[in-house]
Amino acid sequence: MRFDKYEWIAISIMVFLFILVGFIQGWSVSLVILNMCIISAIMTMGVNISWGYAGVINFGVMGFLAMGGLAAVLVSYPPVKEAWHVGGSGLGISFVLLIALVTAVYFITKLIEKKSHKYWLNGSVIFFGLIIIRYFFLNATDRIEEVDPALAGFLGGANLPIIFSWVVGGFFAGGVAFVIGKVALGLRSDYLAIVTLGISEIVVSVLKHEEWLSRGVKNVIGLKRPVPYEINLQVSDWFITMVTWFNSSKLNQIIDPDQKQQILNNLIIDSSSLFVKLNYAILFFTVMIVIYYFANKAQISPWGRMMRAIRDNEVSANAMGKDIVKQHLIIFVIGAAIVGVAGAMLVTLDGLFTPSGYRPLRFTFIIWIMVIVGGSGNNLGAIFGGFVIWFSWIEVAPITTFLINLFTSGLDSQNAIRLHLLDSVPYFRYLLMGMVLLLILRYRPKGIIPEKIRHS
Amino acid sequence: MIDFINAIVVLLNFVIIPGLTYGSQLALGALGVTFVYAILRFANFAHGELMSFGAMITILFTWFFQSQNIGLGILPTALLALPFGILATIVLGLLSDKFVFKYYRTQKSVPVVLAMVSIGVMFVVNAIIRIIVGTEAIKFSDGQKFIMKAKQFKVMTGLNEGLALKSSQVITILITIALLTFTFWFLQKTKTGKSMRAFSDNEDLALLSGINPDRVVFITWLIVGTLACVAGTLYGLDKSYKPIIYLNLVLPIFASAIVGGIGSPFGAVVGGYVIAFSEIMVTYAYKKFFKYLLPENLEPSSLVQLLSTDYKFAVSFTILVIVLLIRPSGIFRGKVL
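Chains Z and Y, in that order, give the protein sequences.
Heads up: the first sequence begins at 1 in our numbering, then just goes up one per residue.
Heads up: the second sequence begins at 457 in our numbering, then just goes up one per residue.
Note that these hints are calculated values from the structure, not bench results.
We put the CB at the ideal spot given by N, CA and C, even for glycine.
Please note that the accuracy of each hint is not assured.
Computed Cβ-Cβ distance ranges for the label pairs, DEER-style [unchecked claim]:
1) Z:Val105 - Y:Lys595: 45 to 55 Å
2) Z:Pro79 - Y:Lys558: 54 to 64 Å
3) Z:Ile132 - Y:Ile594: 39 to 49 Å
Partial selection, computed: residues in chain Y whose CB lies under 8 Å from chain Z [claimed, not checked]:
4) Val569
5) Gly576
6) Asn582
7) Phe710
8) Phe773
9) Leu781
Sequences are here, hints too, so could you generate the full structure?
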C-alpha cells in the first residue's frame with residue numbers, strides 16, 4: 001500500500017489532531033474519541049465497499065449495527081437457564097412450525113400452476129399457519145418474559161468471550177442483508193435507499209419489542225469485556241510497577257513518603273482507566289487494519305475491477321456476461337457484514353446494549369456523511385471521513401461554546417439570546433454536519449481523498 | 457341491533473376517525489413529496505423538516521397572537537398563524553432551491569446525488585429548528601378542544617359506547633379536503649397546472665413548447681411549501697409538536713408516496729390513507745368490537761390484536777415492501793404528475 005501526498009497529509013492530520021486533544025483536554029478524552037473514531041471508520045468502510053465499489057446504496061446501516069449489537073449480547077451473556085426451561089420447548093415448536101410453513105409455501109408455489117389458485121392457497125396457508133405459530137410463540141415468550149423480569153426476562157446468550165461476537169455480528173448482519181438484498185436490490189437507487197432505511201427501522205423495532213430475545217427497551221447491561229477491568233488492574237503488582245517506572249522521574253522529586261504514596265495512588269487510578277482505553281484502541285485498530293488490508297486487496301483484484309465495471313456501466317458489464325444481480329447481492333452482504341462487525345464492537349466498547357439508542361440520524365445519516373466526505377471508493381478516504389466527522393461531532397460542542405462566548409461577549413451575561421444560544425450548543429453539530437455535507441457535495445463531490453483511477 | 461350500532465361506534469371512534477385524520481396528514485405530506493419527485497426529480501429527505509419548520513413558524517406566530525390576545529374564539533389560534541407559516545416555508549423551500557438544489561439540476565446530476573444533497577438540507581433545517589425551539593414537545597392548540605365529547609354522545613343517543621370528536625380532527629379533515637380539491641383543480645384545469653404536468657411528463661418536449669422551467673420550479677415550491685406547512689401544523693395540532701417526530705414521519709410519508717405510485721398525486725393521497733388505515737387497523741385490539749357482534753359464548757378472551765402497537769411503525773414498511781414486490785410502480789402507475 002503506497003500512499004500519495006494527499007493521503008500522507010490526511011494521515012498526519014489525524015495523528016496531529018489526537019495529539020492536540022491529548023495535550024489540551026487530556027489523553028483520556030483523546031482515547032475515548034479515538035476509539036469511537038476507529039469504530040466509525042469501520043462502519044464507513046462497510047458502507048464504502050457497497051457504495052464506492054459497486055454503487056449499491058445501503059441506508060440500513062442502523063439496522064446492521066443493531067444486529068451486530070444483538071450478536072454481542074447473544075454471544076457473551078450467560079444463558080438464563082430458567083427461561084430456557086419454561087420457554088425453550090415452545091420456541092422450538094414454533095420454530096419447527098415456521099420451517100414447515102415456509103416449506104409448504106415453497107412447494108405450493110412450485111407445484112401449483114394456476115395463478116389464482118396459488119395466491120389463495122398460499123394466502124390461507126400463511127394465515128392459518130401464522131395463527132397456530134402465534135399461539136405457541138406468544139405462550140413461550142410470555143413465560144420467558146416473566147422469569148425474573150428485573151434482571152433477566154430473556155433467554156440470555158452463549159456465555160462465550162465477547163470478542164467472538166465481532167465475527168458473529170458480521171454473520172448476523174450479513175444474514176439480514178441477504179434477505180433484504182433478495183427482496184429489494186432490483187430497485188432503483190433512491191427507492192433502494194428508502195426501502196433499506198425502512199427495513200432498518202423494522203429491525204430496530206423488532207429488537208426493541210421482542211423482549212425474550214434482547215430484553216428490548218429494558219436494555220442489557222454489564223456485558224463482559226475483552227480487556228481487563230480497572231479495579232483488577234489497580235491491585236495487580238505488574239501494573240503498579242509499570243506506573244511507578246513510567247513516572248519515576250516525577251516521583252523521585254517528591255521526598256515526603258506519604259505524599260509520594262498519595263500521588264502514586266492517583267496516578268494508578270488514572271492510568272488504569274487510560275490503560276483499558278488503550279487496550280480497546282489497540283484491539284480496534286488491529287481489526288481496522290485487517291479490514292482495510294483486505295478491502296484494498298479486494299479493490300485491486302479482478303473482482304474489484306468487475307465491481308467498478310458494474311458500477312460505471314451496468315449494461316455493458318451485463319453484456320460481458322457478469323451476473324449483476326448476484327454481484328450486487330454479494331457486495332451488499334459484505335458491506336453489511338462489516339457494518340455488523342462495527343456494531344458488535346460498539347456494544348463491546350459501551351458494555352451495554354440499548355436498542356432504543358439506535359436512531360437513523362445518528363447511525364445512518366452521519367455514517368453516510370462520513371463516506372461522502374472521506375471519498376467514496378477509497379478505503380483510506382473512508383477511514384479519514386470516519387475520523388474527521390466523528391472528531392468534529394464531538395469537538396464541535398466546546399468550540400461552539402467558545403465561539404458563542406466570543407461573539408456575545410458584548411452582551412450582558414444574563415442576556416436571553418446568549419443564554420438561549422448556550423442552551424442549544426448541542427444542536428450546532430447538526431448544522432455543521434449539514435453544511436459540511438453540502439459544501440463537499442458542491443465543491444469536492446468525489447470526497448476529500450478521491451478514488452484512485454487505475455488503468456490496469 | 458343496538459349491539460351492532462355499538463360495534464360500529466367503537467370502530468368509528470378508535471379506527472375510522474383517527475385513521476382519516478392521520479391519513480389526511482400523511483396524504484398532504486406524500487403529495488408534497490410527489491410534487492418534488494415528479495418535477496424536480498429527486499426523493500426529498502428534507503420534506504419532514506420542511507413540515508417541521510412550517511409548524512414551528514406557525515407556533516411562533518401563534519404565541520405572538522396569544523400574547524396580543526388575538527384569537528379565533530372556539531377555533532385554534534394556529535389557523536390564524538398558518539398563512540405566515542406557509543409563507544415562511546415557501547421562502548425556505550425557494551432558498552434551499554436557489555442555493556442548493558438548482559446547481560445540481562443544471563448539472564443534471566443523478567437522483568441519488570440529489571437525495572444526498574437533500575439529506576444535507578435536512579440536517580441544516582433540523583439544526584435551525586432545534587436551535588430556535590429546542591427539542592421539547594410543545595402543545596399549541598387552544599380554543600375548544602372537543603366538538604363532541606364521548607359523554608355527550610352517550611347521553612344524546614343512549615348507546616353504551618361514546619364517540620368523541622376532537623376539533624383538531626375535524627379541522628384536519630376539512631382543510632385536507634379543501635387543499636386537495638384546490639390542488640387537483642389547479643393541476644387539471646389551469647394553464648399553469650397543465651404546463652406543470654407537461655413538464656413532469658417530458659421535460660425536453662415541455663421546454664420546446666415554450667414552458668418556462670424556472671416558473672414551473674417556482675410554482676412547485678409554492679405548492680410544496682404550502683402542503684408541507686399545512687401538513688406539519690395539522691400533525692402538530694392533532695398530536696403535539698415535537699421536532700424529532702417529523703424525521704420519523706418522513707418514512708411513512710415516503711411509503712405512502714411509493715405505495716400510491718410515486719409521481720402520481722392521486723396515488724399519493726390514496727397511499728396516505730392506505731398506510732394510515734393499515735397502521736391503525738393492524739395494531740388495534742378488536743376485543744370490544746367483537747364483544748358486541750358475537751354471541752356471548754363466542755366472546756374472544758384475548759385482545760384480538762394482529763400486532764402489538766409497538767410495531768405500528770413497521771407496518772407501513774411491510775406494506776411498502778409487499779407493494780414493491782408485487783407491483784413496483786405502485787397502486788396507480790406513477791411517474792407522471
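Verification of the hints:
1. Z:Val105 - Y:Lys595: 45 to 55 Å: 48 Å, holds
2. Z:Pro79 - Y:Lys558: 54 to 64 Å: 59 Å, holds
3. Z:Ile132 - Y:Ile594: 39 to 49 Å: 47 Å, holds
4. Val569: 7 Å, holds
5. Gly576: 4 Å, holds
6. Asn582: At 5 Å from the nearest chain Z Cβ, asparagine 582 (chain Y) passes the 8 Å test, so the hint holds.
7. Phe710: Nearest chain Z Cβ about 5 Å off; hint holds.
8. Phe773: The hint holds - phenylalanine 773 (chain Y) has a Cβ within 8 Å of chain Z, the shortest such distance being about 4 Å.
9. Leu781: This hint holds: leucine 781 (chain Y) lies near chain Z, its Cβ roughly 7 Å from the closest one there, short of 8 Å.
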